[in-house]
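Enquirer: Residue strings, one per chain:
Number of protein chains: 2
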Amino acid sequence: MAELQNDRFLRALLREPVDRTPVWMMRQAGRYLPEYRATRAQAGSFMDLCRNAELACEVTLQPLERFPLDAAILFSDILTIPDAMGLGLRFETGEGPVFDKPVRTMEDAKKLYVPDMGSDLQYVMNAVSTIRKNLNGRVPLIGFSGSPWTLATYMVEGGSSKTFSKVKAMMYDEPKTLHHILDVLAESVIQYLNAQIEAGAQAVQIFDTWGGVLTPRDYKEFSLNYMHKIVDGLKRENDGRKVPVILFTKGGGQWLEDMAATGCDALGLDWTTDIDVARARVGDKVALQGNMDPSMLYASPERIREEVAQILAKYGKGSGHVFNLGHGIHPEVKPENAGAFINAVTELSGQYHS
Amino acid sequence: MAELQNDRFLRALLREPVDRTPVWMMRQAGRYLPEYRATRAQAGSFMDLCRNAELACEVTLQPLERFPLDAAILFSDILTIPDAMGLGLRFETGEGPVFDKPVRTMEDAKKLYVPDMGSDLQYVMNAVSTIRKNLNGRVPLIGFSGSPWTLATYMVEGGSSKTFSKVKAMMYDEPKTLHHILDVLAESVIQYLNAQIEAGAQAVQIFDTWGGVLTPRDYKEFSLNYMHKIVDGLKRENDGRKVPVILFTKGGGQWLEDMAATGCDALGLDWTTDIDVARARVGDKVALQGNMDPSMLYASPERIREEVAQILAKYGKGSGHVFNLGHGIHPEVKPENAGAFINAVTELSGQYHS
Numbered sequence: 001m002a003e004l005q006n007d008r009f010l011r012a013l014l015r016e017p018v019d020r021t022p023v024w025m026m027r028q029a030g031r032y033l034p035e036y037r038a039t040r041a042q043a044g045s046f047m048d049l050c051r052n053a054e055l056a057c058e059v060t061l062q063p064l065e066r067f068p069l070d071a072a073i074l075f076s077d078i079l080t081i082p083d084a085m086g087l088g089l090r091f092e093t094g095e096g097p098v099f100d101k102p103v104r105t106m107e108d109a110k111k112l113y114v115p116d117m118g119s120d121l122q123y124v125m126n127a128v129s130t131i132r133k134n135l136n137g138r139v140p141l142i143g144f145s146g147s148p149w150t151l152a153t154y155m156v157e158g159g160s161s162k163t164f165s166k167v168k169a170m171m172y173d174e175p176k177t178l179h180h181i182l183d184v185l186a187e188s189v190i191q192y193l194n195a196q197i198e199a200g201a202q203a204v205q206i207f208d209t210w211g212g213v214l215t216p217r218d219y220k221e222f223s224l225n226y227m228h229k230i231v232d233g234l235k236r237e238n239d240g241r242k243v244p245v246i247l248f249t250k251g252g253g254q255w256l257e258d259m260a261a262t263g264c265d266a267l268g269l270d271w272t273t274d275i276d277v278a279r280a281r282v283g284d285k286v287a288l289q290g291n292m293d294p295s296m297l298y299a300s301p302e303r304i305r306e307e308v309a310q311i312l313a314k315y316g317k318g319s320g321h322v323f324n325l326g327h328g329i330h331p332e333v334k335p336e337n338a339g340a341f342i343n344a345v346t347e348l349s350g351q352y353h354s
Numbered sequence: 001m002a003e004l005q006n007d008r009f010l011r012a013l014l015r016e017p018v019d020r021t022p023v024w025m026m027r028q029a030g031r032y033l034p035e036y037r038a039t040r041a042q043a044g045s046f047m048d049l050c051r052n053a054e055l056a057c058e059v060t061l062q063p064l065e066r067f068p069l070d071a072a073i074l075f076s077d078i079l080t081i082p083d084a085m086g087l088g089l090r091f092e093t094g095e096g097p098v099f100d101k102p103v104r105t106m107e108d109a110k111k112l113y114v115p116d117m118g119s120d121l122q123y124v125m126n127a128v129s130t131i132r133k134n135l136n137g138r139v140p141l142i143g144f145s146g147s148p149w150t151l152a153t154y155m156v157e158g159g160s161s162k163t164f165s166k167v168k169a170m171m172y173d174e175p176k177t178l179h180h181i182l183d184v185l186a187e188s189v190i191q192y193l194n195a196q197i198e199a200g201a202q203a204v205q206i207f208d209t210w211g212g213v214l215t216p217r218d219y220k221e222f223s224l225n226y227m228h229k230i231v232d233g234l235k236r237e238n239d240g241r242k243v244p245v246i247l248f249t250k251g252g253g254q255w256l257e258d259m260a261a262t263g264c265d266a267l268g269l270d271w272t273t274d275i276d277v278a279r280a281r282v283g284d285k286v287a288l289q290g291n292m293d294p295s296m297l298y299a300s301p302e303r304i305r306e307e308v309a310q311i312l313a314k315y316g317k318g319s320g321h322v323f324n325l326g327h328g329i330h331p332e333v334k335p336e337n338a339g340a341f342i343n344a345v346t347e348l349s350g351q352y353h354s
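Chains as they are written, first to last, in the UniProt record's numbering: chain E, 1 to 354; chain C, 1 to 354.
To be clear, the hints were calculated from the coordinates, so they are not data collected in a lab.
Note that this is a predicted model, so its numbers are computed, not measured.
Some clues are possibly wrong.
Since the list gives no way to pick one copy over another, a pair counts as held whenever it fits inside one copy or between any two copies.
[To be verified] Below, simulated DSS-like cross-link-like pairs (lysine-lysine); rule was C-alpha separation at most 30 angstroms, straight line:
no.	residue 1	residue 2
1	285	111
2	166	314
3	317	220
4	220	162
With these hints in hand, go ahead and build the complete structure from the sequences.
Expert: Shown next as structure tokens:
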């Protein structure tokens with residue numbers, strides 16, 4: 001493997017000194033880029049794109065050609081694991097993901113199994129190794145997975161949801177069934193992320209997109225608990241280098257202390273919590289990744305730059321900050337506004353590091 | 001006016017002693033009730049139902065016929081104010097509210113005016129006085145309005161939104177335009193709620209459904225600031241009795257102290273904050289209304305009762321708690337489950353009061 005030329009992302013996650021604040025964007029390889037849309041059209045379906053290592057590599061690298069980003073993230077979907085469990089994943093236009101065989105009963109749950117990383121999910125590992133090779137040491141590669149709770153919401157609902165009525169009814173009335181599902185998912189995520197690390201991922205992020213719809217008690221029991229198990233089960237060092245783990249619960253601002261106590265290296269932060277407040281609460285335990293409102297990218301480049309300056313000033317001096325949006329970049333954003341964001345971080349953050 | 005026979009809702013909002021914890025449900029007059037759907041079908045459109053004082057009264061009283069609720073809430077919509085501003089409100093099936101004339105520029109904003117409560121919005125006041133008369137002192141009547149920020153999101157977006165791209169672009173790039181809109185809305189809401197109070201509303205609630213999508217800084221500047229103005233401008237006493245004001249920001253759990261500092265009487269609380277934690281933070285300043293997850297009503301009556309018991313125990317002894325859901329009741333809930341919820345509160349809460 002080529003030597004890593006830019007490691008400020010990995011260093012910041014471990015709260016080691018850096019020359020400036022590293023930056024990347026959740027969903028940076030995505031629909032806001034015309035070159036992404038072109039490759040996507042060529043691939044066929046969305047899952048065809050995920051399954052094609054060459055094309056997945058191509059879209060992963062696209063944003064790096066445009067912007068001075070400090071990390072690349074595997075192009076894939078959070079639903080690869082339930083898809084590999086044979087639940088019949090389809091993407092319906094305008095409707096999002098649909099599972100033909102949702103998991104509704106203990107009988108359904110008992111049929112679930114940990115997919116084989118070497119066959120069922122080999123295509124993800126092929127994408128990881130292809131991307132890592134093509135990055136050629138330019139920046140680190142992030143692997144990722146959905147959190148068990150977040151994956152379970154799709155598997156039980158049979159797709160996206162607004163009220164989470166089915167998975168919450170199961171949680172409240174049949175908690176053992178949900179725990180069984182979450183156990184299989186946690187073990188799957190451990191193997192999945194460890195396989196990504198072995199294939200070349202240099203940091204991993206767990207996306208808990210829907211943890212924030214829970215009560216504090218249920219968040220701990222049904223989401224955080226399983227992310228904690230995953231953190232404990234991960235290969236935290238590979239190839240002589242630490243592999244940092246980032247936990248991101250959207251809407252988790254009230255639970256940062258609990259999240260930091262899992263032993264992860266960094267927390268993703270959405271924009272509803274001030275980063276200075278978050279740093280005061282958990283900055284002695286973890287790095288923080290975030291947290292500009294993704295809708296700020298609808299504003300002018302000048303306003304975006306102003307906001308970046310404010311967030312940098314709020315975090316203040318020292319390492320432990322990876323700049324990012326508070327959620328994925330919206331598909332309607334102009335690429336030049338994303339560029340204004342990234343340039344602002346690279347140009348304005350040096351003063352906070354010595 | 002008939003004398004009030006059950007005032008435990010008003011007393012709890014003012015943290016005065018009560019015999020048991022009062023209970024009502026946001027959206028208690030709604031689609032989960034077959035009798036509501038029947039009246040709705042008879043009325044024509046949704047706004048026709050709001051505009052017909054007799055039918056609005058009928059649906060307001062329906063849940064009180066089924067359940068031992070401690071308050072009634074005016075049946076109306078949060079978008080009556082922008083509708084009265086002539087923005088062309090329509091309700092599209094499956095799409096929600098649509099404004100034919102969205103507010104996108106300072107020129108649009110300058111055309112906005114405070115609607116005349118005695119003509120444009122007289123139908124709301126007619127509904128209030130009709131309901132109050134028909135309640136005949138049974139329980140207090142709650143008046144309500146959307147918050148200026150929440151109303152502005154619909155007016156600028158032209159309807160519902162997931163990303164709030166247009167209103168956020170305005171907030172970030174043209175804050176003066178948004179402030180102008182919010183100023184007109186705050187003045188309108190003051191006059192609107194005061195007219196409801198004069199027509200017979202005995203408490204008022206401000207619904208800030210979308211305050212939680214903002215950064216802490218923007219929440220204060222663009223949402224809370226205007227709710228504070230409204231609290232300052234309201235008639236807080238009528239007919240020899242205090243008129244309590246409830247502020248409810250969905251997703252506002254991180255900002256309870258700021259909300260309590262407005263001088264309101266009570267805060268609505270969603271289910272992502274524990275009510276014991278909220279009480280410790282602001283219970284010396286305000287009452288708390290909430291906060292069971294509305295999706296708990298998809299569970300069994302036994303499980304619902306267990307949850308009610310837990311929330312009552314968390315709040316603990318003494319007045320200052322109005323039991324409610326953390327958001328509106330979902331349309332798919334079985335009426336008997338709503339009944340199990342309400343009965344559990346009435347049966348289990350006496351022990352926390354002396």
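Enquirer: Using 30 angstroms as the alpha-carbon threshold, which applies to residue 285 and residue 111: within, between, both, or neither?
Expert: neither (39 angstroms within a copy, 52 angstroms between copies)
Enquirer: Which holds for residue 317 with residue 220 at a C-alpha limit of 30 angstroms: within a copy, between copies, both or neither?
Expert: between (32 angstroms within a copy, 26 angstroms between copies)
Enquirer: Indicate which option fits the pair residue 166, residue 314 if close means a Cα-Cα distance not exceeding 30 angstroms: within, between, both or neither.
Expert: between (40 angstroms within a copy, 26 angstroms between copies)
Enquirer: Could you figure out if residue 220 and residue 162 sit no more than 30 angstroms apart (CA to CA) within one copy, between two copies, both or neither?
Expert: both (21 angstroms within a copy, 27 angstroms between copies)
Of the numbered hints listed earlier, the single one contradicted by the structure is hint 1.
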